[in-house]
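Protein chains: 2
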Amino acid sequence: MYTKALLTDLYQLTMMQGLFFEGKHEQQCVFDRYYRTNPFQGGYTVVAGLEHLIDYVHNIHFSEDDLAYLKSTGFFQDEFLEYLKDLRFTGDIYAMPEGTVAFPQEVLLRVQTKKDEALLLETCMSMIMNHESLIATKARRVRTVAGKDNLMEFGLRRAQGKSAGVYGARSAMIGGFNGTSNVLAGAKFGMPVLGTMAHSWIMSFSSELEAFRAYARQYPNNLILLADTYNTLKQGVPDAITIFKEMKAAGTLPKAYGIRLDSGDLAYLSKEAHKMFAEAGFPDAIIAASNDLDENLISELKAQGCVINSWGVGTNLITAKDSPSLGGVFKLVGQYDDGKFVPKIKMSDNVEKISNPGLKNVLRIYDKETGKMKADIIILEGESIDESKDLLLQSDKAPWRSRTIPGGTYRVQKMLIPIFQKGELVYQKPDLKEIMAYADQQIQTLWPEYLRLVNPEEMWVQRSTKLSALRDKVLKEESAHFF
Amino acid sequence: MYTKALLTDLYQLTMMQGLFFEGKHEQQCVFDRYYRTNPFQGGYTVVAGLEHLIDYVHNIHFSEDDLAYLKSTGFFQDEFLEYLKDLRFTGDIYAMPEGTVAFPQEVLLRVQTKKDEALLLETCMSMIMNHESLIATKARRVRTVAGKDNLMEFGLRRAQGKSAGVYGARSAMIGGFNGTSNVLAGAKFGMPVLGTMAHSWIMSFSSELEAFRAYARQYPNNLILLADTYNTLKQGVPDAITIFKEMKAAGTLPKAYGIRLDSGDLAYLSKEAHKMFAEAGFPDAIIAASNDLDENLISELKAQGCVINSWGVGTNLITAKDSPSLGGVFKLVGQYDDGKFVPKIKMSDNVEKISNPGLKNVLRIYDKETGKMKADIIILEGESIDESKDLLLQSDKAPWRSRTIPGGTYRVQKMLIPIFQKGELVYQKPDLKEIMAYADQQIQTLWPEYLRLVNPEEMWVQRSTKLSALRDKVLKEESAHFF
Numbered sequence: 001m002y003t004k005a006l007l008t009d010l011y012q013l014t015m016m017q018g019l020f021f022e023g024k025h026e027q028q029c030v031f032d033r034y035y036r037t038n039p040f041q042g043g044y045t046v047v048a049g050l051e052h053l054i055d056y057v058h059n060i061h062f063s064e065d066d067l068a069y070l071k072s073t074g075f076f077q078d079e080f081l082e083y084l085k086d087l088r089f090t091g092d093i094y095a096m097p098e099g100t101v102a103f104p105q106e107v108l109l110r111v112q113t114k115k116d117e118a119l120l121l122e123t124c125m126s127m128i129m130n131h132e133s134l135i136a137t138k139a140r141r142v143r144t145v146a147g148k149d150n151l152m153e154f155g156l157r158r159a160q161g162k163s164a165g166v167y168g169a170r171s172a173m174i175g176g177f178n179g180t181s182n183v184l185a186g187a188k189f190g191m192p193v194l195g196t197m198a199h200s201w202i203m204s205f206s207s208e209l210e211a212f213r214a215y216a217r218q219y220p221n222n223l224i225l226l227a228d229t230y231n232t233l234k235q236g237v238p239d240a241i242t243i244f245k246e247m248k249a250a251g252t253l254p255k256a257y258g259i260r261l262d263s264g265d266l267a268y269l270s271k272e273a274h275k276m277f278a279e280a281g282f283p284d285a286i287i288a289a290s291n292d293l294d295e296n297l298i299s300e301l302k303a304q305g306c307v308i309n310s311w312g313v314g315t316n317l318i319t320a321k322d323s324p325s326l327g328g329v330f331k332l333v334g335q336y337d338d339g340k341f342v343p344k345i346k347m348s349d350n351v352e353k354i355s356n357p358g359l360k361n362v363l364r365i366y367d368k369e370t371g372k373m374k375a376d377i378i379i380l381e382g383e384s385i386d387e388s389k390d391l392l393l394q395s396d397k398a399p400w401r402s403r404t405i406p407g408g409t410y411r412v413q414k415m416l417i418p419i420f421q422k423g424e425l426v427y428q429k430p431d432l433k434e435i436m437a438y439a440d441q442q443i444q445t446l447w448p449e450y451l452r453l454v455n456p457e458e459m460w461v462q463r464s465t466k467l468s469a470l471r472d473k474v475l476k477e478e479s480a481h482f483f
Numbered sequence: 001m002y003t004k005a006l007l008t009d010l011y012q013l014t015m016m017q018g019l020f021f022e023g024k025h026e027q028q029c030v031f032d033r034y035y036r037t038n039p040f041q042g043g044y045t046v047v048a049g050l051e052h053l054i055d056y057v058h059n060i061h062f063s064e065d066d067l068a069y070l071k072s073t074g075f076f077q078d079e080f081l082e083y084l085k086d087l088r089f090t091g092d093i094y095a096m097p098e099g100t101v102a103f104p105q106e107v108l109l110r111v112q113t114k115k116d117e118a119l120l121l122e123t124c125m126s127m128i129m130n131h132e133s134l135i136a137t138k139a140r141r142v143r144t145v146a147g148k149d150n151l152m153e154f155g156l157r158r159a160q161g162k163s164a165g166v167y168g169a170r171s172a173m174i175g176g177f178n179g180t181s182n183v184l185a186g187a188k189f190g191m192p193v194l195g196t197m198a199h200s201w202i203m204s205f206s207s208e209l210e211a212f213r214a215y216a217r218q219y220p221n222n223l224i225l226l227a228d229t230y231n232t233l234k235q236g237v238p239d240a241i242t243i244f245k246e247m248k249a250a251g252t253l254p255k256a257y258g259i260r261l262d263s264g265d266l267a268y269l270s271k272e273a274h275k276m277f278a279e280a281g282f283p284d285a286i287i288a289a290s291n292d293l294d295e296n297l298i299s300e301l302k303a304q305g306c307v308i309n310s311w312g313v314g315t316n317l318i319t320a321k322d323s324p325s326l327g328g329v330f331k332l333v334g335q336y337d338d339g340k341f342v343p344k345i346k347m348s349d350n351v352e353k354i355s356n357p358g359l360k361n362v363l364r365i366y367d368k369e370t371g372k373m374k375a376d377i378i379i380l381e382g383e384s385i386d387e388s389k390d391l392l393l394q395s396d397k398a399p400w401r402s403r404t405i406p407g408g409t410y411r412v413q414k415m416l417i418p419i420f421q422k423g424e425l426v427y428q429k430p431d432l433k434e435i436m437a438y439a440d441q442q443i444q445t446l447w448p449e450y451l452r453l454v455n456p457e458e459m460w461v462q463r464s465t466k467l468s469a470l471r472d473k474v475l476k477e478e479s480a481h482f483f
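So the protein lines, in turn, are chains E and A. Residue numbers for the first sequence follow UniProt numbering, beginning at 1 and rising by one. Residue numbers for the second sequence follow UniProt numbering, beginning at 1 and rising by one.
Calculated from the structure, these hints are not laboratory results. Hints may contain errors.
Same chains, same names: a pair is fine if it fits in one copy or spans any two.
What the hints assert, rightly or not - With a cut-off of at most 30 Å between alpha-carbon atoms, the simulated DSBU-like pairs for lysine-lysine come out as follows:
| hint | residue 1 | residue 2 |
| --- | --- | --- |
| 1 | K302 | K321 |
| 2 | K148 | K275 |
| 3 | K245 | K346 |
| 4 | K414 | K340 |
| 5 | K353 | K321 |
Excised from the complex, chain E in its bound form (with noise of 0.2 Å):
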C-alpha cells in the first residue's frame, strides 16, 4: 500500500536525498506558507485545510511499498531509503486557525524543522492547504451575497476527482454554506446533506403529476418538487400546486415545501411562480434555484428582484471556475548555521516577490469599540504591542499614508498558534460546527468594503519597523551574490 508521503513532487526526494549524503538534512529551518494575490479579484482569504493538514503531517511515514517503489525509479540509495524507514516529523508548526480570514505577504502558517522534513511536506502541504483555502473563500463570496438564505453545494459531478468533491464540500461549510449533496462529505465530516430529485425521477412516470405524487407519497417531510422539466410555468408549478393542495387538504404540508427551478430565467421564473403560488395560498412555498449559479449570477439576480431563498450552487463553486487556484508558496526563510539562526530570503528581480526573512508571526489589530479589523503587523516572533499606547501605522510601500490608532482604542491578537511542537499535536482540533462559527465571526470584523466582490479595499498588511530593518540588512548582504 502506497501512502502520502509519495504524494509530493519527485525533487523533494532527490534534495533529501542529497542533503542526506551532504551530511545537510537535519539542519534545522524555518519556512513561512504565504500568498501574494488575493484570489477571484477579492479582498481576502478563508483559511481552510488545516484539519486535514494535520491528519496528513501526524500519519506521514514512508511503507515498505513506498521504499521499494522508490527504490525501483533507480534514484535512490539503500542507505538513505533505510534512513527514510524511521522519518517522521519532529518539528514545530505554527497556523491561523481555519475560518481565519487572511491577506496577502502574511504568514498562514510557519514550520520549524529539520531541512529535510520541511522538503517532505512541502508539496502536499501546500496543496492542501491551496485547494481547500480557495474553495472556503469562494463558498463566502457566495455567502456574502446570498444574505441568510440557504446555500447548498451541489458540485460533486464536475470536481476535479474525489478529493476535490470531499474536500471542497467541507471548505465551502467553512465558507458559510448550510449543507452539500455529497453524502460521503455528509459522512466523514458530520456535514447536513441535502437533495431531491432529478429529471429522471420525472421522466420515470407517466407525467409529472405522477412523478410528483410518488415523490410527496415517499418523502412527504422533503418536499422540493422539481418544476422545470416541461414548462416551469405552464406546467411545473400548477402540478406542484395541486399536490400541494392534496396535501394541505390531507393535513400532510410540512413547514417547508417548494419547488426548485433548473433552467430557464431565475428571475422571472421566481417571480411569476411566486405569484402563482402566493395566489394558490402558499405564499411560503421555497423557491430554490440551481444551474451554473456563481455570487455574481445571483448578486444580479437578487438585483431583479427575483424571489429564491434557496440557492444550489455546483461547478462554479467546486472548481473555483473563475480562478482555480490560490498561489499559495513555501519559502525558506531561516535556518541554523553552527547553531546560530541565519535569516534568509528568496532574491527576485520582481521587488513585490521578494519574502519576508525570520521567524515571524502577525498581529491583528481590533477597533475595540466596533470590533472590526484595522490592520494586521508582520512581526518577528516575540515582539509586542503595548494596547495602552499610541500605535503608528505606517507601510515602507506607502509611508506618506500613515495614521495613528490612539492607546486604549484596540486590542491586539496573535494570529499564528501552536499546532505542533517537537512533533506533537499540541492543538485541541475544533469541530466542524465551531471553526464555522469561528468563520463567521472572523467575517464579521471586517467592514463591508473587504468583502465587495469587485475592487475592494485592500487591508492594511504591514512589516513592524523590526522586520523592515532586517529584511534590508538580510536584502543587503544577499545582494552580494551578484556582484
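Given chain E, put chain A in place with the hints provided.
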C-alpha cells in the same frame, strides 16, 4: 470504512429508495454520457478516465459503515438499506476507449442497466470522466504546440486535492506528456517521474556554484541545474558552465545535461543562455523551462525563437485553468415499459440541449488513403454502413452542406465497445503505454485544422437518417406534455 458508494449526490439515493418503494427500481433503462461544447474553445476532447471508472463500477457496494451512516441521516428505511446491502452493478456499459478523440453530442459512454444502478453510478461516473477527459484534452493542446519537446507535469502543489493531482498526472500522459513530478502517480500508474532541485537546494549552500557542485556530486546522471536563483545570465549560466567543464574534464558529463529556468523572460534568457553554452562548447545543453506555462505561452515563446526543449507545466494544466470543468452530462435515453423499449428524450426550451433518444453507437468515417477522419455518424445500435457504397453526409443542422464520399475510399469504425456485460468486465484493459500510443495515433487522424488552439475547424458529426427520424417522432410525442 466508508466506500465510494457514498461518493454521490444524496438525491440519487433518495430517488433510488423512492423508485424501490414505487416498484420501479429494477426497470431496465439506457443512459448516455455526452457533452455539448468542447473545452478550451478547442476542436475536440480526448477521452480519459475509463480505467478509473472500471475500477469504481467493478467494486461498487455498500459497506456496513455506509449503511449505518445512511440510516443515521433519517432519509432511509431499513427495508431499502437491506436491499442496498447486496446491490452490485449487473448491467452493460459501452464506451469509447481512453485516448479516443471525441466531439460534442457524441455518445461517449452508454449504460444499460436497472434504473437504480444507473442512478447510483451517475454522479461519480460523471465526475471521473469529466475530470480526466478535461485534463487529457488540456495536455493534448500543450503537446500539439510542443512538437517533440519533453513535457513534464509539475502541478501537484496547486491541484484541487489528491485525486486531482494523481489522476490529473495520468491524464496528462494520455494527452501526450512524457512524465510527472508526482511520485504517487508514478508509483500507482508506472509512469516516468522527473525532477531535480528547487531554489531551497541552492539556498542550502554557501553559493550557487557550491550548490551545483554538490548536486553534480550526488546526481551526475540527472543534471538539470536550476539557474535562476540569483541572476540567470550573470551567475546561473556561468556557474552551470563551470560545472559542465569540470565534469567534462573528469569524463563524467552525462549525455543529457542542462539547466532549468523558472522566472524571467524565457524567450530572451533561453536564447542568451544557449549562445553562452554554445560558445563554451556545450551547444547541446538542455534548456528546460517552467513558470505559469500553458499551450498559448509555449506557442508564443516558440514563435519568438526561444531555445527550450523541455517544459514543466503545472497549475494551468492540472487545474485546466482557463476552462476548469467539462460539462459532460448523463441522460436517460430509453427505458423498458412492460418489456417494450421506449426511447426517451430530455426536452428543453433550448433546442441544442435536446438529447438524442434510443440505443445508439457512433460510426467514424476515415479516408482510406490519408487515414484522416472525415466524419462521425451517431447511429441507432445495429445500423451499419456498406463501405463499398457512396456515403452521403448530410446533417440536419445544415442540410444544404451535404457531401458525398465515394464508395471504396473510406473505412468505418464503431467507436463504442463493450466494457461490462451483465455486470461482468469483458474489456481487456490496455496498459498506459498502449493507451498513450493509441491516443497519439488518434490525434494523427485529425488534420491540423482541427487541432488549432483558437477557432479550429468543427468536426462533422451528424445523426443517421434513422436516428433523426426517431428523434422527430419522440419529440412529437413528448411535446404532447406541453399542451
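Can you tell me if K414 and K340 fall within 30 Å by alpha carbon in one copy, between copies, both or neither? Classified as within; 26 Å inside a copy, 70 Å across copies.
Status of K275 relative to K148 across identical chains (alpha carbons, at most 30 Å): This pair counts as within: shortest intra-copy Cα distance 22 Å, inter-copy 63 Å.
Given a CA cutoff of 30 Å, do K245 and K346 count as a within-copy pair, a between-copy pair, both, or neither? between (69 Å within a copy, 28 Å between copies)
Go through the copies and call it for K302 and K321: within, between, both or neither, with a Cα cutoff of 30 Å. both (21 Å within a copy, 29 Å between copies)
Have a look at K353 and K321 and pick one of within, between, both or neither, based on CA distance no larger than 30 Å. Answer is both: 25 Å inside a copy and 22 Å across each meet the 30 Å cutoff.
Of the numbered hints stated above, none is contradicted by the structure.
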